[in-house]
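Based on these hints, arrange chain U on the given structure of chain Z.
Here the protein sequences line up with chains Z and U, keeping their order. First residue of the first sequence? That's 1 in the working numbering, and the numbers climb one at a time after it. First residue of the second sequence? That's 1 in the working numbering, and the numbers climb one at a time after it.
Rather than coming from a laboratory, the hints here were simulated on the basis of the structure. Just so it is clear, CB atoms sit at the ideal spot from N, CA and C, and this is done for glycine as well. Everything hinted at is true.
So these bits of chain Z aren't anywhere near chain U, every CB distance computed over 12 Å: (1) D19; (2) D25; (3) F26; (4) L30.
With a cut-off of at most 30 Å between alpha-carbon atoms, the simulated BS3-like pairs for lysine-lysine come out as follows: (5) U:K176 to U:K198; (6) U:K202 to U:K190; (7) Z:K156 to U:K176; (8) Z:K156 to U:K190; (9) U:K202 to U:K176; (10) U:K176 to U:K190.
Going by beta-carbon spacing under 7 Å, a handful of chain U positions derived as facing chain Z: (11) Y55; (12) A80; (13) F84; (14) V170.
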Amino acid sequence: MNCHEANDRFDDYLDGRLDAAVQEDFQAHLAGCSSCAGELASIRELRDLAAALPRSLEPSRDLWPGIESRISEAKVVRGRFGRHALLAAAAAVVVVSSVVTAYFVGRSQAVVVTAEPPAAVASGPSEILLASFEGLGVDNYMATRTELLDALEARKHELSADTLNVVMENLLLIDQAMDKIAEALGDDPENEFLMKQLAGAYRRQIDLLQRAVRMPAEV
Amino acid sequence: MGTGISMDVETMATFPVSKPVPPRAVMRVAGIPESREHLVVRAASGDVAAFEELYRENAGRVYLLCLRMCGDPSLAEELAQEAFVRAWQKLGSFRGDSAFSTWLHRVTVNVVLGDRRSTARREARVKPVGDDLPVDLSAPEPSPGQALDLERSIAALPDGARTVFILHDVEGYRHKEIARLTGLAEGTSKAQLHRARKLLRKALTS
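For reference, chain Z alone in the conformation it holds in the complex (with noise of 0.2 Å):
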């Protein structure tokens, strides 16, 4: 064994991971060379120094608010057809106004959304949306959905963590303006006012999550 080659083993031989035969040839390169003792040595020492460096350090302020608040709304997208959603508490007719904005510029895309009013809901009322939905397709919009977050969960890695937040903030966005019309149109089921507006919203979270998918890979 050679100093390379021996160079190449430090690590394993300190792990205990080369077999005896290899051990052995080490062993006896390392009693003939004080380079490679020395640097075996050397490593061992910053080694065990690492390895006892400390492994945990509280942060400076408590983060669990922040990470309660981000799951909180992540509840309400992946509840949006859950078996326990809950009616948003306001009845009232809702009037969305959404205005999706994409634009996709080189390589800084990005993907805007804002829908109006953004209020938060407590959660979504499934079965309502569910039902709000006949008529207007909803096998085929829970298909092409499901076939789209597949589409952009496969080339996830293609994308910048800020463009996957700026899509995922926008179709919760559009999930939270769905639910007030649901809601809506739980008290006034035949309101085709309400029905067109539900309509237009998913049919723009459709064309969100497509434009996501063809967007080019920025990464």
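Below, chain U without anything else, positioned relative to chain Z:
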């Protein structure tokens, strides 16, 4: 190491906006006490209080890993927060093949490495922060002075060398896993480790 970063299987498995979470009644969580297994199962079922307990247990370790890897306390807090949010979103993909803390650790590494795609942000914010890192005064060896010197020297390493050193020598990952996490070739990981050790020894003896 900016261009070679790959996403891990867990990250790929779950887009945040998403699909129904699979039932977890049969989830197996090996190697952890019953109470913690129950905690993980409860959290995976959407129990926020259970997840908060997991956060309390692991926040310090996750934060310190983020701090060492990014070198900026406020960014480290953001990344730690993101790691827990990501873990919440991905709990459905946690099969219990390893301890929850090990899985969470891997999620955290991926969050930090993912953040590096935004190179401008990283370069603008990274600075040596040895003084922000802890020194375990109860540890007989190494001495607090040595530990602090090492923390400072680690913080001053170039990104690639720092990442590999932290993952290999501090956290105990092997080159094969580092390669998988970072997208580097194993040979590159070894070369970065060699470089890191050389720089650290020089810094510590100067």
